[in-house]
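Student: Protein chains in written order, with my numbering: chain A, 1 to 434; chain B, 1001 to 1434.
If you are wondering where the hints come from, they were derived from the structure by calculation, not from laboratory data.
Take the hints with a grain of salt, since some may be wrong.
Taking lysine to any residue and the SDA-like style, the derived pairs with C-alpha atoms no more than 25 Å apart in a straight line are [as the list claims (entries may be wrong)]:
(1) LYS101/A <-> GLN1110/B
(2) LYS150/A <-> ASN1322/B
(3) LYS1101/B <-> SER1125/B
(4) LYS1055/B <-> ASP1165/B
(5) LYS23/A <-> ARG1222/B
(6) LYS1150/B <-> ASN322/A
(7) LYS23/A <-> GLY1199/B
(8) LYS55/A <-> PHE216/A
(9) LYS1101/B <-> GLU100/A
Protein chains: 2
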Amino acid sequence: MPVFLDATAPDFEAGFARLLSAKREDSADVDEIVAGIIADVRARGDAALIELTAKFDRLALTPETLRFSEAEIETECARVPAHEAEALELAAARIRAYHEKQMPQDALWQDETGATLGWRFSPVSAAGLYVPGGLASYPSSVLMNAIPAKVAGVERLAITCPTPDGAVNPLVILAARIAGVNEIYRLGGAQAIAALAYGTETIPAVDKITGPGNAFVAAAKRRVFGRVGIDMIAGPSEILVIADADNDPDWIALDMLSQAEHDESAQSILITDSPAMARAVTVAIERNLATLERRDIAGASWRDYGAVITVPDLATAAQLSNRIAPEHLELCVTDPTALAEQTIHAGAIFLGAWTPEAIGDYVGGPNHVLPTARSARFSSGLNVMDFLKRTTLAQMTPESLRAIGPAAETLAISESLEAHGLSVRARLNHLNAL
Amino acid sequence: MPVFLDATAPDFEAGFARLLSAKREDSADVDEIVAGIIADVRARGDAALIELTAKFDRLALTPETLRFSEAEIETECARVPAHEAEALELAAARIRAYHEKQMPQDALWQDETGATLGWRFSPVSAAGLYVPGGLASYPSSVLMNAIPAKVAGVERLAITCPTPDGAVNPLVILAARIAGVNEIYRLGGAQAIAALAYGTETIPAVDKITGPGNAFVAAAKRRVFGRVGIDMIAGPSEILVIADADNDPDWIALDMLSQAEHDESAQSILITDSPAMARAVTVAIERNLATLERRDIAGASWRDYGAVITVPDLATAAQLSNRIAPEHLELCVTDPTALAEQTIHAGAIFLGAWTPEAIGDYVGGPNHVLPTARSARFSSGLNVMDFLKRTTLAQMTPESLRAIGPAAETLAISESLEAHGLSVRARLNHLNAL
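Build the full structure now, drawing on both the sequences and the hints.
Tutor: Structure representation (structure tokens):
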């Protein structure tokens, strides 16, 4: 049964706290297994990758077939029906246009002492993008990961995607080609992350790894963090819909089910100021569940983690939303813009009933790789900044050193860092002797 | 003995590769100890903090004295000599002015279908700043961590700083007050990170933790990453100076020693196209080492990790610099701007001989919390973005949904996500029925 809460009930706070703290991830500690896999790949390189892929993906590879050849890429791309290829192209164009607007500006200015200050952005040289395989092999994720990297100017982009039993999703390959990637490896799990982070005989190491994955991938990303950059540790997906009385319950139900069908650990929450809407959406979810292809997954998600919360007003809805800090937030209300000003912590906001979350998964333009598990409190969805770094710039003139050097010397001495002070003093003495 | 390499020598590549891969961090695996400390703080809260602080800092605390009182803050601030307070104020003003320029812009626009797209930045609600204690208790680090957070708009800022044997650096307290922080805890090590991440009876949890620390702090930050945001895993500090023949060898030597005096694991590297300068700097380092207060630390760093590399030209210097990806890069050359265009991977660049790195540590304006251990390949120094997150915004109109909805439906079906497709289809059917 999903949870039903009434924000005006005396026991609401306890129920809401339980909802917030519910652990939705597999609690199995895979960290030790992952540590072993990483050590193995570091020690034995390609041989370890081949052995692990035989074991986990039941696929026999050689150093030559770890990577898709140009001919294989061509063959896979040719298998994609035209209408799907066109949809991918439309999605890619919109994602590219959105992310191009994210490119930050370099800056350089002179301060009042004559010193030149500023910064410069530059792309990472090489990035690795993890694409889940099997059930969750999503071509849209390829676009969402690769396009921001390309927009940022990353020269080398490598994709790893497991191909269990050799199964390849041709749309994933086509999406990679559309996004400008042509280095694609048949690798998944912690071994793929290890190969990207440390390199092997055939796979050069990258500087940054992004993309979602299962518990093994997440643990591996956490372990290689520092050696390379990573985007985030993604958990199960979630949606919060805030809806007023003026909605089609079926639309809301389908939006919530589109989250639930991802994963049994996904979470769909409705907050509404209309008890009638709460009931109607609940009924519509059950009705739609009956015929849904992925009703087992979506049903389990809804039963175990679904929630419906009634509130006295939308201001209360916004407050609760901020405590949930949802990955996806749909505002199906009359004035979504006004409500969005109150919902501070969210990965992505979808404004108004004409904006189902699924639009954002594919063709809206914004990224669908978003912070989960309340991490929207402190982190952002994937964006071009994930593939850029800022180098700060400073150039003193003799005059500016005269103006601010003595303060630096004072602070250096106060921190018992004598050489710091002397490095400034040597220059000041030279100026004073002129 | 520091390493001396000649970029034109046949065995250069092997020597340079050894330099790049030299492990400068204590290899002791503290992860298990840290995991135990975090679990203890989660389970027992303040009681664990008090016990661990008694053990590691030899300091008896109570829940009431974990935090500095207003009166204690006042007392500590009054102990700071006026010239040091003035230097701190100057540093704070310059750091604030620099970071204010980093504030990114929100964006909102309409695309050609009529859809509204954009994003919005908002600060994290609460941040925790770790300040090392003992030898490395640096008031400048308080400014460098707290001011970007304040500029970003973070409402609640908590500082933890160990006070071994009760020793407090009054400049740290004053720096906190100048930066606008007044929540200061007598806590260090992994227990401080655990308290910030999970909260205790007296310390509310924060959303983001920044600041440098020892191996225990680094391991703890790595462990709580995901629960909260963290800035980076900082390693030992390093400087690369690229100098031509036209320099005062003493200035270069002092700049290199100002890095070496931080830590026995710090690294100072000189690359020069002048063999005479290479020799002169080496001699000047030895001469200055003889009288330096921290000669034991700086001498060990220089002996164990120092390096001098001669190159045939500055273009080669830039190439080597990019492979090192130094935290601090000083360009003591005639045309530093031109050389900076070739040095892509660096945390901070100091242009020209009038810009000793120590200026950047204190009063330059840019942040001194910078990516170490080659991580400038993929990450940036601390900046206001570390305390902000981006929420993406999308609002479809019926017309824009008509234009791009079918492509979303196609891709959803191709990914076997039926409810995703249905959520779009339900709206399109409604439009078609109008």
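Student: Assess, step by step, whether the Cα of LYS150/A is no farther than 25 Å from the Cα of ASN1322/B, and give holds or violated.
Tutor: It holds: about 21 Å lies between the C-alpha atoms, which stays within 25 Å.
Student: Does the alpha-carbon distance linking LYS55/A and PHE216/A stay inside the 25 Å limit?
Tutor: With Cα atoms ~15 Å apart, LYS55/A and PHE216/A stay inside 25 Å; holds.
Student: What's the verdict on LYS1101/B and GLU100/A, does the C-alpha distance respect the 25 Å limit or exceed it?
Tutor: holds (21 Å)
Student: Holds or violated: are the alpha carbons of LYS23/A and ARG1222/B at most 25 Å from each other?
Tutor: holds (20 Å)
Student: Checking one constraint from the list: CA of LYS1055/B to CA of ASP1165/B, max 25 Å. Satisfied?
Tutor: holds (10 Å)
Student: Assess, step by step, whether the Cα of LYS23/A is no farther than 25 Å from the Cα of GLY1199/B, and give holds or violated.
Tutor: holds (18 Å)
Student: Does LYS101/A pair with GLN1110/B here, judged by a C-alpha cut-off of 25 Å?
Tutor: Holds - the C-alpha atoms of GLN1110/B and LYS101/A are around 12 Å apart, at most 25 Å.
Student: Could you grab the alpha-carbon distance between LYS1150/B and ASN322/A and see if it respects the 25 Å cut-off?
Tutor: holds (21 Å)
Student: Need the status of pair LYS1101/B, SER1125/B: alpha-carbon distance at most 25 Å?
Tutor: Given that 25 Å is the threshold and the Cα spacing comes to 21 Å, the pair holds.
Figure legend: structure checked against the earlier numbered hints; every hint is met.
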